[in-house]
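Letter by letter, the chains look like this.
Protein chains: 2
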Amino acid sequence: MLNIVHRVGIKSSPGGVHRVLATKQGLAGWWTTDTRGDCELGGVIEFHFGTRGRVDMKVLELDPAKRFVWQVVEGPQDWIGSKVSFELKQEGEQTTVLFKHDGWKEQSESMHHCSTKWATFLLSMKALVESGKGKPFPDDVHISLNWD
Amino acid sequence: MLNIVHRVGIKSSPGGVHRVLATKQGLAGWWTTDTRGDCELGGVIEFHFGTRGRVDMKVLELDPAKRFVWQVVEGPQDWIGSKVSFELKQEGEQTTVLFKHDGWKEQSESMHHCSTKWATFLLSMKALVESGKGKPFPDDVHISLNWD
Numbered sequence: 001m002l003n004i005v006h007r008v009g010i011k012s013s014p015g016g017v018h019r020v021l022a023t024k025q026g027l028a029g030w031w032t033t034d035t036r037g038d039c040e041l042g043g044v045i046e047f048h049f050g051t052r053g054r055v056d057m058k059v060l061e062l063d064p065a066k067r068f069v070w071q072v073v074e075g076p077q078d079w080i081g082s083k084v085s086f087e088l089k090q091e092g093e094q095t096t097v098l099f100k101h102d103g104w105k106e107q108s109e110s111m112h113h114c115s116t117k118w119a120t121f122l123l124s125m126k127a128l129v130e131s132g133k134g135k136p137f138p139d140d141v142h143i144s145l146n147w148d
Numbered sequence: 001m002l003n004i005v006h007r008v009g010i011k012s013s014p015g016g017v018h019r020v021l022a023t024k025q026g027l028a029g030w031w032t033t034d035t036r037g038d039c040e041l042g043g044v045i046e047f048h049f050g051t052r053g054r055v056d057m058k059v060l061e062l063d064p065a066k067r068f069v070w071q072v073v074e075g076p077q078d079w080i081g082s083k084v085s086f087e088l089k090q091e092g093e094q095t096t097v098l099f100k101h102d103g104w105k106e107q108s109e110s111m112h113h114c115s116t117k118w119a120t121f122l123l124s125m126k127a128l129v130e131s132g133k134g135k136p137f138p139d140d141v142h143i144s145l146n147w148d
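Chains as they are written, first to last, in this note's numbering: chain A, 1 to 148; chain B, 1 to 148.
Don't read these hints as lab results, they were simulated from the structure.
In this text the structure is predicted, and so the values were computed from the model without any measurement.
Because identical chains cannot be distinguished in the list, a pair is counted as satisfied if it fits within a single copy or across any two copies.
Here are the simulated DSS-like cross-link-like pairs (lysine-lysine), alpha carbons at most 30 Å apart as the crow flies: (1) Lys66 - Lys133; (2) Lys135 - Lys89; (3) Lys83 - Lys100; (4) Lys105 - Lys83; (5) Lys135 - Lys11; (6) Lys100 - Lys135; (7) Lys66 - Lys105; (8) Lys66 - Lys135; (9) Lys100 - Lys89; (10) Lys133 - Lys11; (11) Lys89 - Lys58; (12) Lys24 - Lys66; (13) Lys58 - Lys135; (14) Lys89 - Lys66; (15) Lys83 - Lys24.
Bound-form chain A, shown alone (with noise of 0.2 Å):
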């Protein structure tokens, strides 16, 4: 069982985050700002990251204001076939979401990178819902010089 978990608390409502999640607007705020596709269940969410490539995504689960999860359906070798999920949950004045990417077949330098890659996401994500500004791709985080 190899996966990448992450979690982070943003001052909101479920709802305020859900948002995010649930539309191309919203994810084109915090992932990439060239988000396509259909986001209804079952359909096939494109991200795409200019010269770097694109990750397409159908969605397995929505339960709005609770869980959403995505297979990966084209994009890298190693990303093909494993699952995306974010649970959320209310605390006060916090939703806090459980991130999680299963399905890694070895813990190579690339599971490594994109670890660290989906915490600068997911804390774009945390300041698009707090303050309107996330960090979507090509503004991302960079964390390395020689990847992204």
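Given chain A, work out where chain B should sit, using these hints.
Relative to chain A, chain B alone:
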């Protein structure tokens, strides 16, 4: 095998990264300003976080400019016995740091939290080496309202 993994690339020679991992002054610049104890092989480094508690790490391996392995001997219950390692390798202008926090017993919410928090501290280390200023406790990046 429940591990937290991360990767950052730092614009520096391995020596520059080594310095911030091998000395109290270096560690105080990116993890916690209140770093005490003994950084030598077999020594115990104490990381104090004010009222949040402390973590004591025994230095198990120390291969200058290549590999650091610490074991938690005092700290949060779910950290005791776990190991933290940093592998350094030079890639052109960059020193790549492969980080691992090994030996989690369950994929708890605390593990999710620590994964994200480690990412922020590794980016603090990168900032320290590249620009001379990190974000160690108590000026660390807050990732939630109810934890830290």
